[in-house]
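Peer 1: Chains L and Z are the protein sequences, given in the same order. 1 is the number of the first residue of the first sequence in the UniProt record's numbering; add one for each residue after it. 1 is the number of the first residue of the second sequence in the UniProt record's numbering; add one for each residue after it.
Quick caveat, the hints were computed from the structure, so don't treat them as lab data. For glycine and all other residues, C-beta sits at the position ideal for the given N, C-alpha and C. Any given hint might turn out to be false.
Heads up, simulated EDC-like pairs for lysine to aspartate or glutamate below, C-alpha to C-alpha not over 20 Å straight-line [as the list claims (entries may be wrong)]:
hint	chain 1	residue 1	chain 2	residue 2
1	L	LYS282	L	ASP669
2	L	LYS618	L	ASP561
3	L	LYS173	L	ASP106
4	L	LYS173	L	ASP222
5	Z	LYS229	L	ASP337
6	L	LYS465	Z	GLU198
7	L	LYS601	L	GLU21
8	Z	LYS229	L	ASP142
9	L	LYS601	L	ASP485
10	Z	LYS229	L	GLU338
11	L	LYS176	L	GLU148
12	Z	LYS375	Z	ASP267
Per the computed footprint, the stretches of chain L lying under chain Z, defined by three or more beta-carbons under 8 Å from a beta-carbon of chain Z, are [said to hold, decoys possible]:
hint	stretch
13	12-22
14	341-349
15	522-533
Here are some, though not all, of the chain Z residues that point toward chain L, as calculated from beta-carbon distances under 8 Å [said to hold, decoys possible]:
hint	residue
16	PHE14
17	THR29
18	GLN222
19	SER404
20	THR496
21	ALA497
22	SER547
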Amino acid sequence: MGYRVGVDVGGSFTDFAVFNEADASIATLKVFSRPDAPGAEIVAGLEALEARHGIAASGITYFTHGTTVGVNAVIQRNGDDIALFTTRCFEDVLQLGRLKIPRIHDLYSARPAPLVPRYRVFGIAERMDARGQVLLAPQRADVLAAIESARAAGCAGIVISFLHSYRNPENEKAVKALIGEVAPELPVFCSSETWPIIREYERTITATISGYVQPRVARYLDSFERVLRERGVACPLHITKSNGGVMSIDQARAECVQMILSGTASGVIGAGYIAAASGFPKVLSLDIGGTSADVAVIVDGQPQYGVGELIGDFQIYVPSVSVSSVGQGGGSVAWVDEMNVLRVGPDSAGSTPGPACYGRGGVRPTVTDAMAASNLLGHAPLGYDAVVVNRAAARTAIAPLAQALGVSVEEVAGNIVAVSVSGMYAEVSGLISRFGIDPREFHLFAFGGAGAMLACFLARELDIKGVVVPPTPGVVSALGGLIADLKNDFIRTLYINVDDAGVAGLAAPYAALRERALGWLRDGQGYTGEARLTVSADMRYQGQSYEIETQLEPAWLENGDTRAIVAAFHAEHERLFGHADAHGAVQLVNLRLVVAGHTPKPPLLPLPAATDAAVPLKTVAAWFDGVQLETPVYARMQLRAGHCFGAPAIVAQDDTTTVIPPGFSVNVDGFGNLLITPQRKEA
Amino acid sequence: MAVDERNLQVLANFCAAAADAMAFTLMRTAHSAFVKETEDFSCQIVTREGLAFTSPRHFGAPWYSGIDYRPLLDMFDSYAEGDICVTNDPYSGFVATHSPDLHIWKPVFHEGRIACFVVGHIHNTDVGGAVPASLSRSLTEIEQEGVRIPPVKLVAGGVLNDFVVEVLRANVRSPDQNGGDLHAQLACVNVGERKIREIIRRFGFDAFIEGVGMLLDYADRQARAVLRKVPDGDYFFADYADEDSVGGRPCRVALTLRIRGDEAELDYTGSDPQLASSLNMPTGGRERHPLVMVGLTYVLYTLNNDILLNAGTLRPARAILPEGTVVNAQRPAAVGMRSLTCAMTQIVTVGAFAQALPHLMPAASPGGNAILNVKTADRAGRPVMASIGPVGGGGGGTPFCDGSDGAGGATGFLRNTPVEISEAEVPVHFLRYGLHPDTGAPGRYRGGLSAVMEFRVSSPETVVTARNRNRSLMPSWGVQGAHAGVVSHFVRNPGTAGEAELGNTDVVHCDPGDVIRVIGPGAGGYGDPFRRAPEAVLADVRCGYVSPGSARADYGVAIAGEGVRAQVDEAATAALRAATGTAASGMFTFGRERVAFESVWTRERYDLLTEFLASVPVGWRFFLKHRIFDTVAQAGQDGAVREQMAAIFARLRAQYGLPAAASA
């Protein structure tokens, strides 16, 4: 028995979630992040855990950690100088990308500068064909010359990405071996090892990002591990992954690319876990911070997975929890444009200087200021005593806009919220269309610093079942990391026709993938429990240029059951697109396997039942959509299961404020979630 | 809820979300690669009068933001709830602009009244006709370009007209694909209808109608604010597409841009007569036809990235499109490759604005992005066909930075096809795909480099098409003392005894083992290359983008050492740059091919030609243009141009019995 700890380091705050195995309780903690001294926040948190909760480092039995070090290296372009070896005459793969420029109406627009400039790209005389036959093996002298040039250019690592290496990695492996022989100090990243998919740009950029961030992330992980060990944490350390799972710190050091989007993924995993355990099978997670709102689709606790998730200027193609992001958050700045039209964003005051009402030097009016000016915030301290909301400062910041538009501060404050929310609406609406889901079956699951503040305003615009605000919206990501399973993805590009001849060839690659997957879990992660394997394939009709991931049964592969595989694809196509072509020839591009090992999940603790009606702390005059309403303020701590009340209402707690405009009713469920339901509109 | 400046952005976001939902639905459900890979589709929401007020924010072809569907809407006297109409006929309303583009429109009703229409198009991979994919420069009549469906109610009151679908299916090469795409279009407009109804429920019918008007006004005001900063004046610019037919003559697109206050007139008088090839643009002479306004849209957006793009954006502008010319072709002119000519209209628009705003406009991207297709046979002899991607030039150099490499500026919206996908799909072997050295024209900010693709085919009777290729005759121009670009190349078996430069041919038959090389046309640069930072030249040399020879000759930068060890030789560079620079004088550098052509075909001579051709019936113009070019080529430049041309015209009138001064 001991403590299981999840830590999520964000831009402003570092969140701790601690699961006490003895009594199944969860403790939470927030400390300031220290971008200036990474690791310092961990020490501060461990000290606070001991001081406040009596949790000693030696009592920690399991530790997970998510960090943005990798993604920041790409965004801030401060990764290491590395070299790229490509097939000769195809050296411009990163420069060309997929060709399309970012702003297609802008004559100045250009693709972002590649992470590896062209003078550090070296072509190797080698060639593989599309069937995996070696047409030309790399020549020693040629490779040695390239290594010498890479060294001369001061490269700290080498990425190897050759044509068709997804099919046969032999040439990449040979070059890697040669580098290991003559330049063992240089880390090597093979595209066939990072993520062996067909499409040379996508495979190369994924391996390149891996090589680009690896040294920095590995150094960070080394110091992170040292700090924990020095503090007396002796248990195995785990790192959260972009795919919503966790991996051992040793794997993380070797495969940094797997953790690059772990922050957003952990939030979605945490949201999915709480929602499913609370009895909400379908939710849209809504994580709003200072600069952006992140939305994801979750069904039965399972997020959607995507490839091509954005990291700074680039997309990455390892499987990642699919999150849509829009640049609207609590810090988004409101302004009046030259046509005298009110706009919000894309500029953000972020966490520094922050909204004007936080009194940390911000003077431009933000969405949070609009809420504060409407007297919807500041009725309980925010952010662990870190901020005091200054309503007068908010009003002062908004006053020039009110003057320009000829209305009161409170009216324009309502408009600012509406404009910001309409931007979020556009993003969520797109997500709904992209996944083809029916929003009437979904709840919005709100978390992050500003999620609960704005979720009801967004829910008003969506035809959605309701809003769920969990008891501790501030630490959902840390909790997500804590409960995430050990998980890894495997892929093999086969590019076969799904006929009897093609399907007969599936059993062997499947068996090989299965063996690697089990080896990863047992040997790599030291996991002894039951392995969960999920098989799927990326398939398409011949002539289509996009594949659909279709779930398969292992038996179909082992027994060569062509009919079952084809039928599964037709059914999936029908489900997604509303039609299928029963006679169309089907291709199988990739075979995928996901292996997972279960991690204990803390049960959600029931909240004691209410014995009488909810009593507000006080009633304040607040403004909704520019209209003043007497609004009761409830203290979250005092709410009990079964409490219900109407709107408008404000629910204050120490890490966020839930704002409920008129038109909703609020119920506190058995786990302490606020379930906020819209009164049905006339059809 | 009334709409005013405080919540106009809310309505704009909601409408954009509706258009995005349409685009997502289309991309999710369409079959053809044109939709999914190259995003050659559009979806819009248009007013009851037909004016587009919202487009998807991040998806679709960039040409249609200001489209006016009125001619199509007016095709029917009345609409009922549940009606959905389609057409792909370029000569019915001039909204569809070549036959692969199937346009669709559906009224959105609210309590018995039409609130707006949801509309859009998909570029179908094939709609039948003389050649696979329905498009080739060599086609001469619209009838060769595939089945045409005149405006028809595909769905009337909710009931699908199967006959229309069967006619389409019966005339195309891959009926299932067209059928799948059509279903996707139906789903798209139905989603748009639902989304618009939600918006109307939120705002109310009257406020919605009024708010939509405000969105158009907003864009109009933004565009006028940009145009007010452009100095008043008349700005003439012309450029030439490759030969107007195989072995033909250059095809001129000319523009006089007239800026008056906050309005712009785009007068295309001086553009060549319509052609006996498929480069013609079917605009119907409509003064805000999207195809002739693409360049203006780019310019306005470049000058203000915050501008809202809708039909209001184009309100301060009007175009003059003389009948029977390439910018306003009459039936039965073939129009399949109108995109090549449309690119020329964009280029001349940028060229005209460059004179008004020399420190804000880039050199144009060269246009002529070759769309490469291979039709061959696999090992078992079965026919296979694949699009292996666009190969074109880069973006023009800008006043602030180099042009985008490989693709950029007005032609940067296409995606490429991965080499690995092409090799897996068709038996071709790629020898090279990348950026070609010394193709970005030297300038203080150089043009973007051209893409190069080289591959070997392995089956007999392989056909390679390079549709939309251009600038094999005259290069793209540079501005402010920069160099002009280089011409494009389409070569069979380069470096062998049988090497053949294929000129402006867009279809080539190959034997097993033949190698095809395509190099995109080079983009022009911006500013004096002798003023380019030596470190930038060094970086280009290190990257292999600029040869040391070009660094020395074109940039005045001496490079010592090779590869990653290359360095600027400061002393030698100073000496080179102290000597006379290579900077061209004048605003534009046209390149020697164009200078040679225009030494004969001066603006004066071309104006006379235009005037003469405008006076003869449309059907005679292309024929007479060629006779006149032949005659001038034989005669040379003897004496005064006006007299010489008058004599030629008089002779032709007499020879062919043309009236002395007919006029259309």
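Peer 1: None of the hints should be skipped; say for each whether it holds.
Peer 2: Tested hints:
1. Distance restraint check for L:LYS282 and L:ASP669: the Cα-Cα separation of roughly 17 Å lies within the 20 Å cut-off, and the hinted pair is therefore satisfied.
2. Our distance criterion of 20 Å between C-alpha atoms is broken by L:LYS618 and L:ASP561, whose separation comes to about 67 Å.
3. Proposed proximity of L:LYS173 and L:ASP106 is contradicted: the alpha carbons are some 42 Å apart, above 20 Å.
4. With a CA separation close to 27 Å, the supplied pair L:LYS173 and L:ASP222 exceeds the 20 Å bound.
5. Between Z:LYS229 and L:ASP337, the direct Cα distance comes to roughly 17 Å. Compliance with the 20 Å bound is thereby established for this hinted pair.
6. Between the alpha carbons of L:LYS465 and Z:GLU198 the distance comes to roughly 16 Å, so the proposed pair stays at or under 20 Å and holds.
7. With a C-alpha separation of about 10 Å, the suggested pair L:LYS601 and L:GLU21 falls inside the 20 Å cut-off, and the hint holds.
8. Between Z:LYS229 and L:ASP142, the direct Cα distance comes to roughly 57 Å. Violation of the 20 Å bound is thereby established for this hinted pair.
9. Taking the CA atoms of L:LYS601 and L:ASP485, the gap is near 9 Å; set against the 20 Å cutoff, the hint holds.
10. For the hint pairing Z:LYS229 with L:GLU338, the CA-to-CA distance comes to about 14 Å; that is within 20 Å, so the pair holds.
11. Between L:LYS176 and L:GLU148 the CA atoms are separated by roughly 14 Å; this keeps the pair inside 20 Å, and the hint holds.
12. About 41 Å separates the Cα atoms of Z:LYS375 and Z:ASP267, which puts this hinted pair outside 20 Å; it is violated.
13. Counting residues of the stretch 12-22 of chain L whose beta carbon lies closer than 8 Å to any beta carbon of chain Z gives 0, which falls below the threshold of three, so the coverage claim is violated.
14. For the stretch 341-349 of chain L, the stated coverage by chain Z holds: 4 residues have a C-beta nearer than 8 Å to a C-beta of that chain, and at least 3 were required.
15. A count of 0 residues in the stretch 522-533 of chain L with a Cβ less than 8 Å from any Cβ of chain Z is obtained; the coverage claim is therefore unmet, three being the minimum.
16. Hint status for Z:PHE14: holds, given a least beta-carbon distance of 6 Å to chain L, under 8 Å.
17. Proximity of Z:THR29 to chain L holds as hinted, the smallest CB-CB distance being about 5 Å (cut-off 8 Å).
18. About 7 Å separates the beta-carbon of Z:GLN222 from the nearest beta-carbon of chain L, less than 8 Å, and the hint is met.
19. For Z:SER404, the suggested interface contact is upheld, since its CB lies about 4 Å from the closest CB of chain L, less than 8 Å.
20. A least Cβ separation of about 18 Å between Z:THR496 and chain L goes past the 8 Å threshold, and the interface hint is therefore violated.
21. Hint status for Z:ALA497: violated, given a least beta-carbon distance of 23 Å to chain L, over 8 Å.
22. Nearest Cβ of chain L to the Cβ of Z:SER547: about 14 Å, over the 8 Å cut. The hint is violated.
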